[in-house]
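Let chain A serve as the given structure and place chain B on it in line with the hints.
In order, the protein sequences belong to chains A and B. Count the first sequence with the working numbering and you get residues 335 to 609, in order. Count the second sequence with the working numbering and you get residues 104 to 205, in order.
There's no promise every hint is true.
[As the list claims (entries may be wrong)] Stretch-level coverage of chain B by chain A, calculated; a stretch enters the list once three of its residues show a Cβ under 8 Å from a Cβ in chain A:
#1 143 to 151
#2 161 to 172
#3 180 to 186
Hint data in this document are derived by calculation from the structure and do not stem from the laboratory. Glycine residues also receive a C-beta, built at the ideal position from the N, C-alpha and C atoms.
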Amino acid sequence: MSLNNVVASGGLDCHLNSGCGFPAPGAEIFLFDDVASFTIANLEFHISKVTIVLFLCVFLILGFFIYAFRKPKLVPRGAQNVGEMGYLFIRDGISRDIIGKDGDKFVPFLFSFFFLVWLSNFMGILPFAQIPATSIFAIPVAFAVIVYITWVPLGVYKQGFGGFFGGMLFPPGVPKPMYVLLTPLEFLSNLIVRPATHAIRLFANMFAGHLLIATFSIAAFYLLSASVIGIIGSAASFTVAVALTGFEALIQFLQAYIFTLLTAVYISGALHAEH
Amino acid sequence: MSAPETARHRSGWYRSGARRRTVSMDDARRMSNSAWANSSRLMSGLILYTGLGWLVSRWVGHQALLMAVGAMVGLGLSYYLMFVSLAHEARQDEKRQGEDRT
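Isolated chain A (complex conformation) (with noise of 0.2 Å):
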């Protein structure tokens, strides 16, 4: 967010004593000016605070795993006893929960996701970050396309074609003359409607906490003045500001794991045909 947005939406010269309303943030505190934009063959390219935020977030993950795992010894010490847990976190608590013994795969897959959008999720919280680079809806979108194009071809593999889809549109133990109404249903359920609310899922709750900590932050700042309801209001919303902090790290935690879990949900239906 430039500073000139900020000052725009109301944000920085508003003040209880300068006579103006609350200036309640909105969507534009997730609007980024450019800090560098060029153009490779007619593809523009716009970099900005949320580019940055993500590209840091992969290069941490990148970085940290890369620095755990470069001697891995077999007691295991330090970095990599951290990273290990994280490994074994998502082996033992997602894959081999959800998808079985032969999902140990799909750990590699399970585990980049989860630890890139939980480290997004918490850029929100993070000083000077401070914006959850899953609040941007291109991004959940763009995490929730590639995990659709893996599970359907995957079915399409393991299954074949008339399988997966049969078993997905067809559901057993109804009478034929049913499938007329159920089978669009089915279709809209499992192939529109389940992407589509695992990237919505994500984004809206990244959106509401970064929001909600906005809102409690600028109320802060707003009613600070020297009177009994400048003090208390202050106080009261800056606590409430820090308890939303906490609540909010146990968000993007709850849902970069959800987000994994169907993940493995959707390739575990794609593996093990339903019937």
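Showing chain B alone in chain A's frame:
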């Protein structure tokens, strides 16, 4: 269904009403899958048939009466689909439990 010996099963058992039954990892997997599937079925039934009702309403020239009807039909169908798939799963479960004991 009587209580099967727990030693034969890798995972534990829980008490369901008055009877005991075992839950394997596979059962848990199916359950979590159908839990996620059912929530999206509920949503898409509502969306699809409310939308259809709205379109037919516009076509016929009613205000939005058929939209409400569509919403109810959609919800009904979603519930029907959920019950049918859960019943099917329960039957499969019974069968598997039976195979386990013999």
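For the segment 161 to 172 of chain B, count the residues whose Cβ lies under 8 Å from any Cβ of chain A; is that count three or more?
Coverage by chain A is violated for the segment 161 to 172 of chain B (0 residues, Cβ < 8 Å).
Can you confirm whether chain A covers the segment 180 to 186 of chain B, using C-beta to C-beta distances below 8 Å and requiring at least three such residues?
Since 4 is at least three, the answer is holds.
Taking beta carbons only, do three or more residues of the segment 143 to 151 of chain B come closer than 8 Å to chain A?
holds (count 7)
The structure fails hint 2 only (numbered hints given earlier).
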